[in-house]
Amino acid sequence: MEIVLVGLNHRSASVEVREKVSFTNDQARQAAEELRARGILHETLVLSTCNRSEVYGVPPETSRESAAALSNYLSSFHSVQLELLCPSLYHHYDRHAVRHLFRVASGLDSMMLGEAEILGQVREAYRIAYEQGATGPVLNRLFQGALEVGKRVRSETELGTRPMSVASAGVKLAERIFGKLHERAALVLGAGMISEQVIAQLCDRNIARLFVMNRSQQRADDLARQFAGKVIAWDDWESALTLPDVIVSSVSAEEPVLMRAHLEKAMAARGNRPLFVMDLGVPRNVDPAGADLYNFYLYNIDDLTQIVQQNRSAREGEVPRAEVIVDEHVGKFLTWQASVEIIGVVEALRHKLKSERAEFVRERTDRIPSLTPEQRAQVESLIDDLLEKMLLDPARRLQGEKDLRRKIQQVEAIRELFLPDRER
Amino acid sequence: MNHLFFLLTLAAYLGSFAAYIGYLVAGRDWSGRLGSLLLAGGLVAHYFALLERSRGLHTVPYHDLSGSMSLFGWLLALTYLSLELFHRQRSVGAFVLPFVLTFFIFAQLSPPDRFAASPATGVIFAFHVTLSILAYAAFGLSCVLSLIYLAEQRLLHEHRVGDVVWRLPSLDLLDRMSQSSVLVGLISIAIGTAMGFVWVDRLTGNVWHYDPKYAVTLLVLVAYVFYLRLARNPSWRGARASQLCIFNFAIVIFSFTVVNLFFSHAHRYF
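Heads up: the protein sequence lines correspond to chains E and Y, in order. Counting from 1, one number per residue, gives the positions in the first sequence under my numbering. Counting from 1, one number per residue, gives the positions in the second sequence under my numbering.
If you're looking for bench data, these hints aren't it; they were derived computationally from the structure. Ideal placement from N, C-alpha and C gives every residue a C-beta, glycine not left out. A hint or two may mislead.
Take a look, some chain E residues computed to stay more than 10 Å from chain Y by CB distance [claimed, not checked]:
| no. | residue |
| --- | --- |
| 1 | 93 |
| 2 | 113 |
| 3 | 203 |
| 4 | 209 |
| 5 | 211 |
| 6 | 221 |
| 7 | 232 |
| 8 | 270 |
| 9 | 325 |
| 10 | 331 |
| 11 | 341 |
| 12 | 403 |
| 13 | 411 |
| 14 | 417 |
Listed next, the in silico EDC-like pairs over lysine to aspartate or glutamate satisfying Cα-Cα at most 16 Å (straight line) [as the list claims (entries may be wrong)]:
| no. | chain 1 | residue 1 | chain 2 | residue 2 |
| --- | --- | --- | --- | --- |
| 15 | E | 151 | E | 323 |
| 16 | E | 354 | E | 380 |
| 17 | E | 172 | Y | 163 |
| 18 | E | 402 | E | 287 |
| 19 | E | 151 | Y | 29 |
| 20 | E | 172 | Y | 152 |
| 21 | E | 407 | E | 393 |
| 22 | E | 352 | E | 388 |
Chain Y side only, calculated, beta carbon under 8 Å to chain E, not exhaustive [said to hold, decoys possible]:
| no. | residue |
| --- | --- |
| 23 | 31 |
| 24 | 52 |
| 25 | 157 |
| 26 | 166 |
| 27 | 187 |
| 28 | 201 |
| 29 | 238 |
If we strip away everything but chain Y, and leave its shape as in the complex, we get (with noise of 0.2 Å):
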């Protein structure tokens, strides 16, 4: 069964990515549509994916790097589709399918679990793992943004107006779509990081056990928070704050990797 939903996400996925391309390239509606809607089948799939290989291994789906990716790129995909209905904009869409895919195939090959199975479960564990990395998601799909404003930016003061430039969104509304995914992301981590204090309370009596995942996060939530309101001022609006976007999660991608790995016991699970 899991094989089945692995196939229908990875089908749904692809067509999507497809779909996605020959809207952005031939200008086809009915292409856009149809990748809309084959990103919400794969959502579904994926979705049930991720409820199998819980089952299967009788905890939490992200314990471990197979599933904390997996989850990972099925919030992005979530908060790309949502994004993408709130602002109606639908070319971003084959920027985004690759790095779902991405996750999803990475998932799929990482090694199984060395470790024991983590102690850690309840309802608020688990709102606190799956917001931190809904917020992951959220600051990295306004990373995908930021690059594409970078490009168009590039390409409309080199006068290189083409098919694609004509399809793209506007520069300012892809200003507004990456800053509405920080915002995602900012109440996601504000949110889950609270989680994670009552969750840890309950679990040693400590609130302030300390772990260095703690200074990462909050420089992350720092960070964040000073992009939004530079990128709200007329000065740094633009290729400013998208570069100052695209730094910020190099610094998401250092508390997953390097912090998670070698300095955060709490948060190391592969």
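Isolated chain E (complex conformation) (with noise of 0.2 Å):
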């Protein structure tokens, strides 16, 4: 039983390749069903998301040769030649596809280390294949170890936990201030693409109140439509400092939009209700000198760029910590492989030796004609007692041997000596 790897990531391949060689849904129940039906692989999963496309799988044969088969089929399945495609490739193999996966579901393979969204979409991809019948028992061993690997490097380490880009820092400060935004209205200024990235992280936070202000109003109605928001006109935006909780501006504009006069006027309107602004305008949109006006809280995008590159370093420092939860749980689904190689390498230890036995009372028995069938039959149950108890000690030290790497040698001798036709 063994596991392969073949794939591509944002490391090993540019986005030109990787775009080549990307899976929606459907092309990865299709890719599951032709490898399995072309026995290249007995199990199969395809992960593929904007950062990586991979194959898992239980091949028939040594992983050696199903890898080659299955760089071929990536190849064929998306019309890339093997050679533009080869030098992007990585295979990994039983114990180094294991551990890949389970660092990849705890975000330590990720472009951005430690985001979120990467469980979601192993569970997406696991899904989908096991609704497909496409897994089977160590595939599905492997990903709910994987998803559960996730699930503990994100709750035991802060590998997760801080915001790593300037839309998710002001958004996490925005709830330092204001607890759940659940209730609270935000502003965006300007409808830029980093705008746009403010505002969806805003979503996710389920902000209550989404207004938005642009110079071109096409732009605005464009961005308000597609987040659930509502447009103010721009020459309104005095008194639309009044509505919100939070600020969001990036307008491009060589002077501050917002002087210190404005902001007192508006604090004093919204009778000094706690205000969060987040200037993401180079020049700044926003006058600094208002700073210091009563429950005013101003962020720049340097300010935002520096708690980001805070957060880097602490999720940097969180990855020994991952490391050895993934190493733990690596350890744990190897011992369980194991533990069946273990039954099934005696299983057919026994099956051997009872057909040998077969054949060895039936030749020795038959130039002795004077044993009738019942001393025939006895002599067959004495040796099978024989082998049975000759079976169950050596079967008992093999499944309580604690030290993973000598169950594996022994279970390797066992079926070098014993079964050496048998398939892996």
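Make one complex out of these two single chains by using the hints.
As structure tokens, then:
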């Protein structure tokens, strides 16, 4: 029972190559079906995200032969030349494939260290393959283990807790001030890409109301429609400042749009309710002289970038702890795998001994014609008991062996000595 | 036995403090849960320590400074744990436990009672004192929460967002926790004071037996009602309300020390 992984990710392949080899859900189903139908893999799972495409499987032959077949399959499925694809592909087998998957699920292999999205993507890929019947006992156990380790790493370390982008850092700061945002309102000035990222984060946090203002009415309308927000005319910005708890500003302007006088007036009009402003404009949109107003919190893009850098270091500091958790789960999976192997090997050995016993007894008792059928049966039974007794103790010792490496070595030894023809 | 409960309480409170620190600094969830568990254990051991003390003295455990300090520490811990469970927020534990420990240890170290046992007995008196001390504990907790609020707000204003800030409660939650604590205090002090009047009436037959403590207690009541009212006003909510809460607690300390020592004979027990 081996595991093979063939794939590419953001480290091994450029975005152009990754684009060519990505799978939609339907393509993943199709690939899983074809790989099994062609006998390349017994069990299959395709994991495809914007940063990686990987095929996990349990092959009928040794995994190294299957890896070559998988690479060829990927090339033909996506109509990409093998010579172009091969330099970007990596192959992992058994323990290394298990470790790779567990690291992926934990966010340790992600472009943004510790990102949470990958766990959901692994879960979704597993769900699709499971419902299709493409997985079996090995991949089921493997991916259940991956989900478990992903959850454990996130709950026992701080790998995924700190915001790692300017947008998420800003939204997390808003939560520091207001707590949950589900009763809060946000006003977005300017409708550029970064505003969109912040709005997406705010919507993830269930912000109650969203207002959008932009010099271009069309762009404001598009953004508001996309995120179920309300457009406020650009000229109404003074009265608009009384509405939100959070303001996100990313307007292209040479001079600040919001001067201290405007802010003072706005804070007075809103009864000094706390206001958090993310000034993402370069040059700055908000007069920094307003920062000392009561209940007013102002962060510009440099402040947020610095927080992201601090968080990156903090996350990197959590990596050793996360790796320990991953190693623990890899050990657990391999122990399970070895146990299954032991049962299979012992059963195969028992079966072989029984069939050899049958031939052995027949050859020798044929030379003793005076043996009655009952006596022959007794002789067979005696030999069976002897063989069972001889197998019992070694099987128990094998199961009880705590050292995983030794266990695997013992299983391999039995296989090589007594079952040379047996498939892994 | 008293010594045993003292040691158990001290160990539990110290362990809880260490666990809360671990939760605040390193972010380990299990450390926070352990802190809460040990605090609950400490409360149980502390309760038995108070019970033992009262049995040993054949009187209520708070008739002297030592007892009242110990009871204050116990009620502070109880109020905090209740607030923690209600608001599901553990990160403040590391700031509250030092006060609990200080009062508990101070109670053990304070000199033995010089005065004869007070004639004060009975359920109504017991409720009067317990509720009054509960009120002080709740006001004390709101003071701690207000201090944390001001510190966190300053760190956010100065853009010093480090590990601890990410783990502290949000400013909004600190504000609400403080108001919850003050509400507990107000209800306790109102009922406790009413019980005090009933007890005085039963003891002396005169409910208007004047004591300067009444005026100061009324001042405390008004000050905190004022705080609650202002804390809901957007102009005051936040730093200003927190500063007022801290000032109000100064009045509470004044009431418990200066007033009790120099102005109120009936409330002088140390």
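Verification of the hints:
1. 93: Residue 93 (chain E) is indeed farther than 10 Å from all Cβ atoms of chain Y, at 36 Å.
2. 113: Residue 113 (chain E) is indeed farther than 10 Å from all Cβ atoms of chain Y, at 16 Å.
3. 203: holds (19 Å)
4. 209: Holds, because the least Cβ-Cβ distance between residue 209 (chain E) and chain Y comes to about 17 Å, which exceeds 10 Å.
5. 211: holds (19 Å)
6. 221: It holds; residue 221 (chain E) is separated from chain Y by about 32 Å at its closest Cβ, greater than 10 Å.
7. 232: The claim holds: residue 232 (chain E) sits with its nearest Cβ about 22 Å from chain Y, beyond 10 Å.
8. 270: At roughly 7 Å from the nearest Cβ of chain Y, residue 270 (chain E) sits no farther out than 10 Å, so the non-interface label is violated.
9. 325: Label holds. Min Cβ-Cβ 13 Å, cutoff 10 Å.
10. 331: holds (21 Å)
11. 341: holds (35 Å)
12. 403: holds (29 Å)
13. 411: At about 37 Å from chain Y, residue 411 (chain E) clears the 10 Å cut-off, so the statement holds.
14. 417: The claim holds: residue 417 (chain E) sits with its nearest Cβ about 47 Å from chain Y, beyond 10 Å.
15. E:151 with E:323: holds (13 Å)
16. E:354 with E:380: holds (10 Å)
17. E:172 with Y:163: holds (13 Å)
18. E:402 with E:287: violated (67 Å)
19. E:151 with Y:29: holds (14 Å)
20. E:172 with Y:152: Judged against 16 Å, a Cα distance of about 15 Å means the pair holds.
21. E:407 with E:393: holds (15 Å)
22. E:352 with E:388: Distance ~12 Å between residue 352 (chain E) and residue 388 (chain E) Cα, so the pair holds.
23. 31: Hint violated; residue 31 (chain Y) Cβ to chain E Cβ min 11 Å, cut 8 Å.
24. 52: Given a least distance of 41 Å, the restraint on residue 52 (chain Y) is violated.
25. 157: Holds. Min distance 7 Å.
26. 166: With Cβ-Cβ at 7 Å, under 8 Å, it holds.
27. 187: Status violated, d = 25 Å.
28. 201: Not OK, violated: residue 201 (chain Y) not within 8 Å of chain E, min 46 Å.
29. 238: holds (5 Å)
Of the numbered hints given earlier, the model fails hints 8, 18, 23, 24, 27, 28; all others are met.
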